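Protein chains in written order, with our numbering: chain A, 1 to 169; chain B, 1 to 432; chain C, 1 to 327.
Calculated from the structure, these hints are not laboratory results. Heads up, some of the hints might be wrong.
[What the hints assert, rightly or not] With beta-carbon atoms standing in for the labels, derived distance ranges:
# : chain 1 : residue 1 : chain 2 : residue 2 : range
1 : C       : T98       : B       : D275      : 42 to 52 Å
2 : B       : Q394      : A       : T148      : 47 to 57 Å
3 : A       : E75       : C       : R67       : 25 to 35 Å
4 : B       : D275      : C       : L297      : 52 to 62 Å
5 : B       : T398      : C       : T98       : 43 to 53 Å
6 : A       : P133      : C       : D82       : 26 to 36 Å
7 : A       : E75       : B       : Q248      : 54 to 64 Å
8 : B       : G153      : C       : H110      : 50 to 60 Å
[What the hints assert, rightly or not] With a straight-line cut-off of 27 Å between C-alpha atoms, the simulated DSS-like cross-links for lysine-lysine are:
#  : chain 1 : residue 1 : chain 2 : residue 2
9  : C       : K47       : A       : K77
10 : C       : K162      : A       : K80
11 : A       : K77       : C       : K260
12 : B       : K35       : B       : K165
13 : C       : K162      : C       : K77
14 : B       : K33       : B       : K6
15 : A       : K24       : A       : K77
16 : C       : K48       : C       : K77
17 : B       : K119      : B       : K165
18 : B       : K33       : B       : K104
19 : C       : K260      : A       : K80
20 : A       : K77       : A       : K52
21 : C       : K77       : C       : K47
22 : B       : K119      : B       : K6
23 : A       : K77       : A       : K154
24 : A       : K80       : C       : K12
25 : A       : K80       : A       : K152
26 : A       : K77       : C       : K77
27 : A       : K80       : C       : K48
28 : A       : K80       : A       : K52
29 : C       : K162      : A       : K52
30 : C       : K262      : A       : K77
31 : C       : K262      : C       : K162
32 : C       : K47       : A       : K80
33 : B       : K119      : B       : K33
34 : B       : K6        : B       : K35
35 : A       : K52       : A       : K152
36 : B       : K35       : B       : K104
37 : C       : K24       : C       : K162
38 : B       : K165      : B       : K150
Small disclaimer: the values here were computed from a predicted structure and weren't measured. From the three backbone atoms N, C-alpha and C, an ideal C-beta is built for every residue, glycine too.
So the chains spell out like this:
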Amino acid sequence: MVLEAPNILLASMASQLQERIDSKQINNPAMVGIHTGGVWVASALHQLLAIKEPLGTLDISFYRDDFSRIGISPEVKPSKLPFSIDDRHIILVDDVLYTGRTIRAALNELFDYGRPASITLATLIVRSGRELPISADVTGTQLSLDSTQQIKLKGPEPLSFEIVELTDS
Amino acid sequence: MSQGKKQRIHIRNGLVIDPANNINEVRDVFIAKGKIISVSSDAPDGFNADIVIDASGHVVCPGLVDLCARLREPGQEQKATIASETAAAAASGITSLCCPPDTKPIIDTAAVATLIHEKAQAAGKASVYTLAALTRQLDGASLSEMGALKNAGCVGVSNAYAPFKNNLILRHAMEYAASHDLVVHLHAEDIDLRNDGCVHEGQISTRLGLAGNPAAAETVAVSQILALIEQIGVKAHFCRLSTARAVQMIARAQYSGLQVTADVSAHQLHLTDMDIGYFNSNCHVSPPLRSLRDREGLRAGLSQGTISAICSDHQPHEADAKLSPFALTETGMSGLETLLPLSLRLMNEGLIELMPLLASLTCQPAQLLGINAGTLTPGAKADICIYDPEREWQLDSTTLRSKGQNTPMMHWEFLGQVTHTLRHGQFVFQLD
Amino acid sequence: MKQQHLQLDHNKRLRHFLTTEGLKRDLLVEILDTAESFTSITNQQIKKVPLLRGKTVVNLFFEASTRTRTTFELAAKRLSADVLNINVSASAASKGETLLDTLRNLEAMHCDMFVVRHPNSGAAHFIAEHCAPHISVLNAGDGRHAHPTQAMIDMFTIRRHKHEFHNLSVAIVGDILHSRVARSQIHALSTLGVPDIRVIGPRTLIPADASTLGVHVYNDLDQGLDGVDVIIMLRLQRERMSSALLPSEHEYFRLYGLTKEKLALAKADVIVMHPGPINRGVEMDSAVADGEHSVILQQVSHGISIRMAVMSMTMSPKGTSQSERDA
Numbered sequence: 001m002v003l004e005a006p007n008i009l010l011a012s013m014a015s016q017l018q019e020r021i022d023s024k025q026i027n028n029p030a031m032v033g034i035h036t037g038g039v040w041v042a043s044a045l046h047q048l049l050a051i052k053e054p055l056g057t058l059d060i061s062f063y064r065d066d067f068s069r070i071g072i073s074p075e076v077k078p079s080k081l082p083f084s085i086d087d088r089h090i091i092l093v094d095d096v097l098y099t100g101r102t103i104r105a106a107l108n109e110l111f112d113y114g115r116p117a118s119i120t121l122a123t124l125i126v127r128s129g130r131e132l133p134i135s136a137d138v139t140g141t142q143l144s145l146d147s148t149q150q151i152k153l154k155g156p157e158p159l160s161f162e163i164v165e166l167t168d169s
Numbered sequence: 001m002s003q004g005k006k007q008r009i010h011i012r013n014g015l016v017i018d019p020a021n022n023i024n025e026v027r028d029v030f031i032a033k034g035k036i037i038s039v040s041s042d043a044p045d046g047f048n049a050d051i052v053i054d055a056s057g058h059v060v061c062p063g064l065v066d067l068c069a070r071l072r073e074p075g076q077e078q079k080a081t082i083a084s085e086t087a088a089a090a091a092s093g094i095t096s097l098c099c100p101p102d103t104k105p106i107i108d109t110a111a112v113a114t115l116i117h118e119k120a121q122a123a124g125k126a127s128v129y130t131l132a133a134l135t136r137q138l139d140g141a142s143l144s145e146m147g148a149l150k151n152a153g154c155v156g157v158s159n160a161y162a163p164f165k166n167n168l169i170l171r172h173a174m175e176y177a178a179s180h181d182l183v184v185h186l187h188a189e190d191i192d193l194r195n196d197g198c199v200h201e202g203q204i205s206t207r208l209g210l211a212g213n214p215a216a217a218e219t220v221a222v223s224q225i226l227a228l229i230e231q232i233g234v235k236a237h238f239c240r241l242s243t244a245r246a247v248q249m250i251a252r253a254q255y256s257g258l259q260v261t262a263d264v265s266a267h268q269l270h271l272t273d274m275d276i277g278y279f280n281s282n283c284h285v286s287p288p289l290r291s292l293r294d295r296e297g298l299r300a301g302l303s304q305g306t307i308s309a310i311c312s313d314h315q316p317h318e319a320d321a322k323l324s325p326f327a328l329t330e331t332g333m334s335g336l337e338t339l340l341p342l343s344l345r346l347m348n349e350g351l352i353e354l355m356p357l358l359a360s361l362t363c364q365p366a367q368l369l370g371i372n373a374g375t376l377t378p379g380a381k382a383d384i385c386i387y388d389p390e391r392e393w394q395l396d397s398t399t400l401r402s403k404g405q406n407t408p409m410m411h412w413e414f415l416g417q418v419t420h421t422l423r424h425g426q427f428v429f430q431l432d
Numbered sequence: 001m002k003q004q005h006l007q008l009d010h011n012k013r014l015r016h017f018l019t020t021e022g023l024k025r026d027l028l029v030e031i032l033d034t035a036e037s038f039t040s041i042t043n044q045q046i047k048k049v050p051l052l053r054g055k056t057v058v059n060l061f062f063e064a065s066t067r068t069r070t071t072f073e074l075a076a077k078r079l080s081a082d083v084l085n086i087n088v089s090a091s092a093a094s095k096g097e098t099l100l101d102t103l104r105n106l107e108a109m110h111c112d113m114f115v116v117r118h119p120n121s122g123a124a125h126f127i128a129e130h131c132a133p134h135i136s137v138l139n140a141g142d143g144r145h146a147h148p149t150q151a152m153i154d155m156f157t158i159r160r161h162k163h164e165f166h167n168l169s170v171a172i173v174g175d176i177l178h179s180r181v182a183r184s185q186i187h188a189l190s191t192l193g194v195p196d197i198r199v200i201g202p203r204t205l206i207p208a209d210a211s212t213l214g215v216h217v218y219n220d221l222d223q224g225l226d227g228v229d230v231i232i233m234l235r236l237q238r239e240r241m242s243s244a245l246l247p248s249e250h251e252y253f254r255l256y257g258l259t260k261e262k263l264a265l266a267k268a269d270v271i272v273m274h275p276g277p278i279n280r281g282v283e284m285d286s287a288v289a290d291g292e293h294s295v296i297l298q299q300v301s302h303g304i305s306i307r308m309a310v311m312s313m314t315m316s317p318k319g320t321s322q323s324e325r326d327a
């Protein structure tokens, strides 16, 4: 499988987003990245789109649906939303859209901060394996992967990713 | 005797240790009519044994005499009974034990003393002696009827853990006891200085935030009592010493001619406040487990003879008594079954020779109580302990016979186990 | 010894939080870091996360304390747990129901966590040893022994202001003898690497062999405050006054009370802490309590984050390994 360079994907996402902002006449959108990879992607897009509001970051650890199975992560980071969510058009950014559970958690967390006017979901990679009725509005690329395969993102500069086989160990 | 025919018993080839008679060699012991006939190499003329015990490789010594064991009867039968605890004593080689007066009701009337003696007689496992209350209801204020209590068989007087209202009452109590030739057994502790302390005041009390009982609570009391004894010239016995300093003070008093004696509990010779770990309530004892230096002082006091007896300080409890936060638990540990093994450990550690060690468990405590026990002298009652000094065993709930399972020494490995115990020439315990 | 590891599961994760003593530095730092993440929740309109949804936390208080109970209650509620407040008065306990009986009754109600305050040292250890294995126990103060969440609040506040621990001089002033907070602070400070921990107070309020805790003991406030970065004032219980321990409030304040003049002996950027509530004019005067060096109110707001952190860490499923968490 040939993967395009992340820079090309990011540029494509930025133009899709700009188109969407223009067509929907969105004024002064705010961007929020999901820890950790989503923040890398978001900060690149944030720069490309020259968004005025500072970038927000979300750590969805407190909103995960698997606390009763794996507990709290020792690496949890604070969420930072340095702007008001209320009536704001939010661009939510993540690196990979897979099962949809992370986005579910992120939406719940965002709504605990306020009531946004709209949320646009942008992800660098959309892969197969959705478990929830969630889809991305803006996508860098789509990949069809087996459940044994995992996408590993490296960053933030330069941003790169590779596909690794999960071993059974 | 109601217990049937007294058998003639021949104990062969054991290492006989009889400190009272300075015997320490392989000999045979011959028993008939409940008494020692002889300790020698040859059978007395015409002696035909009903039973022969081969004691090769075993030690044969007088049955142990325990200066302090609480049997919890009357009054606290949920903890233990005379029957249960004397059986545990028999299994531990203890054939005589002395019960302090803080039963419920208190031993301040002849009736209570008689009740205990009769129940023990009926159980038949060990000879039970009693200390009478020194003050009525242990109130520390008014004298008990010591004359009547002595007639009822009490072998000494004590106020157990209860304090005296003041030193004048203590003085009068000691003088009155002396006029009845009763030895006063005293717990030396200044209750004000104790200040509700439940562990030794020091590093551990500070770290765990438990109220500390300072060493001075003992030493201040010992010095006051010694000053009184010097003034009025009576005998006194200090119970369960816990501090090195108190041992030194008593040694000096003995040297200057005062008639004072002292004992120590077996656990104080082995445990320190470090063993409390994180609030192990089985280490909640009175006096508290003290520092390593105190433990060394107590050991020195034993090896140098200042301390003349080791006792079990047996205090069995039901499980609930220890199931609370540390300070709220009852004090004391179950000790009968560790008395001999803990003592033997002192010998194995090189602190003391076997002969003086066994003296502190047999003839010396018997002498303190003024009872005929603790020797193998021909004519004496045949109270005998036989143990295998090489046998390893572990203390656990299957081997512990006392109803009190409250010991911090659960799962300890011991060397030396009692195989037979005879009381008045009858087997009261045989291993397996 | 077994009890030493009572606080940890077999993967060395926090299972109960009973004392700061014996816990590794990494774990204390993890508590501080996790608490740092929880501080962002105060920015949310809905100050609640769903971590402990469906769990029941019991505040089991054998000693009255509205302040401490309230912060634990708020922390549990912000984690979406259900909270049950049970105050067991001394009189109820004396009716014959043992602590163990109380425990068994609560276990039968399917609780997941006990937050315990008890007047006796070792009570939280005792409960942790005897409760059902799925239950986590948080010590909210046991006798004179430990008050580990309060100590971690103070560590959090110190780190916020001083960033590092390895170069600090910290003075703890007052009734060390009866203070569970002081003991927990001392263990936490020394584990976090503070090289100079001082305790200051009259001999009657300093425990025996205090130096074995790894502290320097001062009976003189002026000497003890010399050049310190952090001053922690302890609360003085009124009943200690006019006893054989102290002659009077007046004399205590004169000798050990923190005033502007005394504060000048410390470093210029010293911070002043107090676990509250303050006896103004006894432990410190108002000018210091409300002054620029005081961080006392911040301590209060950090209290909820620390307790949320410890609750979510101890309520994490027992025995999950690091690799499972990373997946």
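A quick look at each hint next to the structure:
Taken as a hint, the range 42 to 52 Å is violated for the pair T98(C) and D275(B), whose Cβ atoms sit roughly 25 Å apart. The hinted range of 47 to 57 Å is satisfied by Q394(B) and T148(A), whose Cβ atoms lie roughly 53 Å apart. Taking 25 to 35 Å as the suggested C-beta distance range, the pair E75(A) and R67(C) conforms, at roughly 32 Å. For the hinted restraint 52 to 62 Å between D275(B) and L297(C), the CB-CB distance of approximately 44 Å leaves it violated.
At roughly 27 Å, the beta-carbon separation of T398(B) and T98(C) lies outside the given 43 to 53 Å, and the hint is violated. Judged by the Cβ atoms, the range 26 to 36 Å given for P133(A) and D82(C) holds: they are separated by roughly 30 Å. For the pair E75(A) and Q248(B), the supplied restraint of 54 to 64 Å holds, since their beta-carbon distance comes to about 60 Å. Under the hint 50 to 60 Å, the C-beta atoms of G153(B) and H110(C), about 58 Å apart, fit the expected range.
A hinted pair counts as satisfied when its Cα atoms are at most 27 Å apart, and K47(C) with K77(A) qualifies at roughly 17 Å. Of the supplied pair hints, the one linking K162(C) and K80(A) holds, its CA atoms being roughly 23 Å apart against a limit of 27 Å. Restraint check: the Cα-Cα separation between K77(A) and K260(C) comes to about 39 Å, which exceeds 27 Å; the hinted pair is violated. For the hint linking K35(B) to K165(B), the alpha-carbon distance of about 46 Å lies beyond 27 Å, and the restraint is violated.
Distance hint between K162(C) and K77(C) is unfulfilled; the C-alpha atoms sit about 31 Å from each other, more than 27 Å. Our distance criterion of 27 Å between C-alpha atoms is met by K33(B) and K6(B), whose separation comes to about 5 Å. At roughly 33 Å between alpha-carbon atoms, K24(A) and K77(A) are farther apart than 27 Å, so this suggested pair is violated. For the given pair, K48(C) sits about 7 Å from K77(C) by alpha-carbon distance, which is consistent with the 27 Å threshold.
With a C-alpha separation of about 33 Å, the suggested pairing of K119(B) with K165(B) is violated against the 27 Å cut-off. Distance check on the hinted pair: K33(B) and K104(B) sit about 37 Å apart at the alpha-carbon level, beyond 27 Å; violated. The suggested pairing of K260(C) with K80(A) is violated, with an alpha-carbon distance near 38 Å, which exceeds 27 Å. With a CA separation close to 24 Å, the supplied pair K77(A) and K52(A) stays within the 27 Å bound.
Of the pairs offered as hints, the one joining K77(C) and K47(C) holds, with about 9 Å between alpha carbons and a cut-off of 27 Å not exceeded. For a cut-off of 27 Å, the pair hint linking K119(B) to K6(B) stands: about 21 Å separates their Cα positions. Proximity of K77(A) to K154(A) is assessed by CA-CA distance (about 18 Å); at most 27 Å being required, the pair is judged to hold. For the proposed pair K80(A) and K12(C), the alpha carbon gap of about 31 Å is over 27 Å, so the pair is violated.
Restraint check for K80(A) and K152(A): satisfied, since their Cα atoms lie roughly 25 Å apart, inside the 27 Å limit. About 21 Å separates the Cα atoms of K77(A) and K77(C), which keeps this hinted pair within 27 Å; it holds. Between K80(A) and K48(C) the CA atoms are separated by roughly 16 Å; this keeps the pair inside 27 Å, and the hint holds. For the suggested pair K80(A) and K52(A), the alpha carbons sit about 16 Å apart, so the restraint of at most 27 Å is met.
Straight-line distance between C-alpha atoms of K162(C) and K52(A) comes to about 33 Å, which puts the hinted pair past the 27 Å bound. In summary, the hint linking K262(C) to K77(A) is not supported, as the alpha carbons are separated by about 39 Å, beyond the 27 Å threshold. For the hint linking K262(C) to K162(C), the alpha-carbon distance of about 21 Å falls within 27 Å, and the restraint holds. Taken as a hint, the K47(C) and K80(A) pair is honoured in the structure, with Cα atoms around 14 Å apart against an allowance of 27 Å.
Distance hint between K119(B) and K33(B) is fulfilled; the C-alpha atoms sit about 23 Å from each other, no more than 27 Å. Our distance criterion of 27 Å between C-alpha atoms is met by K6(B) and K35(B), whose separation comes to about 9 Å. Taken as a hint, the K52(A) and K152(A) pair is broken in the structure, with Cα atoms around 30 Å apart against an allowance of 27 Å. For the proposed pair K35(B) and K104(B), the alpha carbon gap of about 35 Å is over 27 Å, so the pair is violated.
Proximity of K24(C) to K162(C) is assessed by CA-CA distance (about 21 Å); at most 27 Å being required, the pair is judged to hold. Proximity of K165(B) to K150(B) is assessed by CA-CA distance (about 24 Å); at most 27 Å being required, the pair is judged to hold.
Hints 1, 4, 5, 11, 12, 13, 15, 17, 18, 19, 24, 29, 30, 35 and 36 from the earlier list are contradicted by this structure; the remaining hints agree with it.
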